[in-house]
Amino acid sequence: MRRAFLRSHEFVLLLILIGFSVLVSVVSRAFFTAENIFDILKSSSIMGTMAIGVFVVMLSGGIDLSFPAIATASMYVSVRILQRFHGNLLLAFLFASVLGVALGCVNAFLIHRFKIPTLIVTLGTASIFHGTYLTLAKVPHIYSVPPYFFEFSTKFIFSWTKKGGPTIGLSTLTFMMLAIAVVTWLLLRFTMLGKGIYAIGGNMEAAKRAGFNIMKLQFFIYCYVGLLSGLASIQYVSLVRHVHPYNLMGMQLDVIAAVVLGGASLAGGTGTVLGTLLGVWMIYLIRNSLILMRIPSYWDPVVIGLIIVASTAINAYRMQLRKSEVRTINA
Amino acid sequence: MDDAFLCLENISKSYAGVHALSHVDLALRAGEVHCLVGENGSGKSTLIKVVAGVVQPEPGASIRIRGKHFTRLNPIESMREGVQVIYQDLSLFPNLTVAENIAINQCLEEGRKLVRRSQMAAIAREAIGQVGTELDLDARVGELPIARQQIVAICRSITRGGKLIIMDEPTSSLGRRDIDYLFSIIRNMKQRGLAVLFVGHKLNEIFEIADRVSVLRDGKKVWTSEIGALNKEQLIELMTGRQISASAYAKNYSTGKALLEVRGLSKKGQYSDVSFRLYPGEILGLTGLIGSGRTELALSLFGLNPPDSGKILIDGEECRIGSAEKAVSLGLCYVPENRLTQGLFMEHTISRNVIVTVIHQLARTFGLLDRRRIKSINATWIKELAIRTPSAELAVKQLSGGNQQRVVLAKWLERKPRILILDGPTIGVDVGAKQEIHEIIKSLAERGIGILMISDEAAEVAANSHRILLMKDGRIGEELDAAGTTESQILVKLGERQERQ
Chain U
271 MRRAFLRSHE FVLLLILIGF SVLVSVVSRA FFTAENIFDI LKSSSIMGTM
321 AIGVFVVMLS GGIDLSFPAI ATASMYVSVR ILQRFHGNLL LAFLFASVLG
371 VALGCVNAFL IHRFKIPTLI VTLGTASIFH GTYLTLAKVP HIYSVPPYFF
421 EFSTKFIFSW TKKGGPTIGL STLTFMMLAI AVVTWLLLRF TMLGKGIYAI
471 GGNMEAAKRA GFNIMKLQFF IYCYVGLLSG LASIQYVSLV RHVHPYNLMG
521 MQLDVIAAVV LGGASLAGGT GTVLGTLLGV WMIYLIRNSL ILMRIPSYWD
571 PVVIGLIIVA STAINAYRMQ LRKSEVRTIN A
Chain V
22 MDDAFLCLEN ISKSYAGVHA LSHVDLALRA GEVHCLVGEN GSGKSTLIKV
72 VAGVVQPEPG ASIRIRGKHF TRLNPIESMR EGVQVIYQDL SLFPNLTVAE
122 NIAINQCLEE GRKLVRRSQM AAIAREAIGQ VGTELDLDAR VGELPIARQQ
172 IVAICRSITR GGKLIIMDEP TSSLGRRDID YLFSIIRNMK QRGLAVLFVG
222 HKLNEIFEIA DRVSVLRDGK KVWTSEIGAL NKEQLIELMT GRQISASAYA
272 KNYSTGKALL EVRGLSKKGQ YSDVSFRLYP GEILGLTGLI GSGRTELALS
322 LFGLNPPDSG KILIDGEECR IGSAEKAVSL GLCYVPENRL TQGLFMEHTI
372 SRNVIVTVIH QLARTFGLLD RRRIKSINAT WIKELAIRTP SAELAVKQLS
422 GGNQQRVVLA KWLERKPRIL ILDGPTIGVD VGAKQEIHEI IKSLAERGIG
472 ILMISDEAAE VAANSHRILL MKDGRIGEEL DAAGTTESQI LVKLGERQER
522 Q
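For the protein sequence lines, the chains are U and V, in the order given. According to my numbering, the first sequence is numbered sequentially starting from 271. According to my numbering, the second sequence is numbered sequentially starting from 22.
Since the hints were made in silico from the structure, they are not lab data. Glycine is no exception: its CB is placed at the ideal position from the N, C-alpha and C atoms. Certain hints may be false.
To spell it out: a stretch of chain U is covered by chain V in this simulated footprint if at least three of its residues, at any positions, have a beta carbon under 8 Å from a beta carbon of chain V; those stretches are [stated by the list, open to error]:
1) 372–382
2) 520–528
Think about it this way: if two alpha-carbon atoms lie no more than 20 Å apart in a straight line, the pair counts; the simulated SDA-like pairs of lysine to any residue are [claimed, not checked]:
3) U/432 <-> U/306
4) U/478 <-> V/115
5) U/478 <-> V/181
6) V/70 <-> U/481
When you get a sec, could you build the whole thing from the sequences and use the hints?
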């Protein structure tokens, strides 16, 4: 068991993460402080929530490009409704989740009914969802967000205050993301639903023959990513305090990159929730440390790209080694 | 029969007026290995599907399982009665562990919502114990060799209450040692009172494992008996409906100047000090166990696996063959062992596959292809090699194995080769088509092409070549004159049959 972990992709990522942190903290004193660490955890929690959803899709052998569009639409609808009526944060999450799940259903229906590749379906629906939003929304920007939205992101689960300094602690945003991660992990590990997701990602034909209800699984998967996009969108509003029609729209590639970095395969069937979180943190850590090291932010994508290529190459190389090991054992 | 586990009577099935099965009877006993043999298209797979409940037989059929009477089955009934089919693709999940793969069906059938690793491990351990083998429960199935994956599939079928295990050509991708292992598992299952229906067409294996054998031909069952009541020739005759002579091939070839000569060719870890000559019009058989270095040697001759030392001479002149292009320009052609992945573009038409080796010659001004010539080339080969197809525009994957092999031959012959290396030319081809391919190979040799035929099957080389090279552990062990050499002599020399004779 312990040996298996030492050989896992997650372990390699963890090593890179630690190594990188040590390197940066040598250069910049501001890096290895509780304040900075918790700040990274907080700002990465929106991407984390989305990445967990995307991970589940990729585990099943699919891909979702429409989640930023779903998130954008969900946050707009939720905020619009709550501008008119009295409400609270719970309702905000509820409205966003309902719309997220509904749009996820649209994806699932198209994918299951017409057997279109998931990439094409979600590429199309991303455009449809976002276009519909831009057409129907009379004021696509909203700056007057009810205050309970942003109170959420300023709360802490636990915290302490430095003398004369800022309050430091675990943000509710981070906590929420971690809770979602734990729920997803339990789901994948201890339920037949989770095994089913692994199964269709590993061998769709065999999953059918084994008697898994493919329709049910696919509806679950795409509704789940819709749900998490809805939740993440409210986390986002709470953090940035306004609704913007384009801010989330470029996130697809970053999120998918984080999931792949975390060890998930584009072909489906492999990866872990922990790996996904490590992938997300890695990306934020790199961004944060480049800022601290005063390297122009144009370098962000270059460094992130390098890390992705390097980590997947290491992984592929290790797989080759392991395969040849198996072969010599059997020879 | 009273002790029959499964009793099929009067099973018929037609597709669009063609009889896939007509009035087939078959009885399987618990505790026996029953082999079902027949050529491609003889109805084997339809019969399996009837038993599995995937295909419904026509009215009038009777299916009795342990005394219970059915006129037709659906998949769920079939499984409930203990019928389990292991298809060729095994239907496993490569990303899940052995334990999960074995236990997942049972968990699904019990309608569980939650699963624990310990529960799955317990289910798996029990099944593995029943099969009588050992497996690492936490290993990922995708990382196991095929032979082990097959055992996982067998274990899984037992967790589903399998009393009759149907295996569809289970040995098609296994080496000799793995086949022995699989057979020991099958014997074990037999002793535990399971019925095994083994579907295949490799005769040696059938004689090894079967208790009884049934033969299907053109949708009719033509024979059932104890395996001991038949010999190989009789079985082939039953399968093909015609007598196939396995007499040695004895046409002359010129022994003048060698077309291809190899001197002291070596490559570390693969083969060493290989020397031989190939004459025009000769069929030189090369046989040896898997792993003896024969395929590596062939690849070296074709420029895909450069040797460390030694010489290759063509027409008496030394050449360096550093790439496949160079080999082709010297008049060499190589038809690989796995025609499906290496030799053909399965999705494309016969026509496109055939012209691929000569496409540069077909280009006219502006690089456009000469359609008329393509047509005539295809027409020639379809006629000459008797490829059974309605048109040259049919996708290759729609052809039978024997016809696919002919397309590969056509493709290389269009290059007008002088030396043809055939690696396992009849792998996966059924008995009747095999014979026809052998005839084609012989007629090619008669045109003066030198042919190096590499094969697993001692019988194939013994019957169809002039001389035979035996390869063992990377060396040419012996050279035999094919006339007067029999299959069993070859096998004894290769050390495969020691314990049995």
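### Message
Cut-off 8 Å, C-beta pairs, minimum 3 residues; does the coverage of the region 372–382 of chain U by chain V stand?
### Response
With 0 residues closer than 8 Å to chain V, the region 372–382 of chain U misses the three-residue bar; violated.
### Query
Is residue 478 of chain U close enough to residue 115 of chain V, meaning Cα to Cα at most 20 Å?
Holds. Residue 478 of chain U to residue 115 of chain V sits at ~15 Å (cutoff 20 Å).
### Query
Keeping to a limit of 20 Å between CA atoms, is the pair of residue 478 of chain U and residue 181 of chain V held or broken?
Satisfied, since the Cα-Cα distance of roughly 16 Å is no more than 20 Å.
### Message
Against the 20 Å threshold, does the CA-CA distance of residue 432 of chain U and residue 306 of chain U hold or violate the hint?
### Response
Holds, at about 14 Å.
### Message
Just to be careful, I want the Cα atoms of residue 70 of chain V and residue 481 of chain U compared with a cutoff of 20 Å; is the pair within it?
### Response
The given pair, whose Cα atoms are some 17 Å apart, holds under the 20 Å limit.
### Given coverage of the region 520–528 of chain U by chain V, checked by CB-CB distance under 8 Å (3 or more)
Since 0 is below three, the answer is violated.
Of the numbered hints given earlier, the model fails hints 1 and 2; all others are met.
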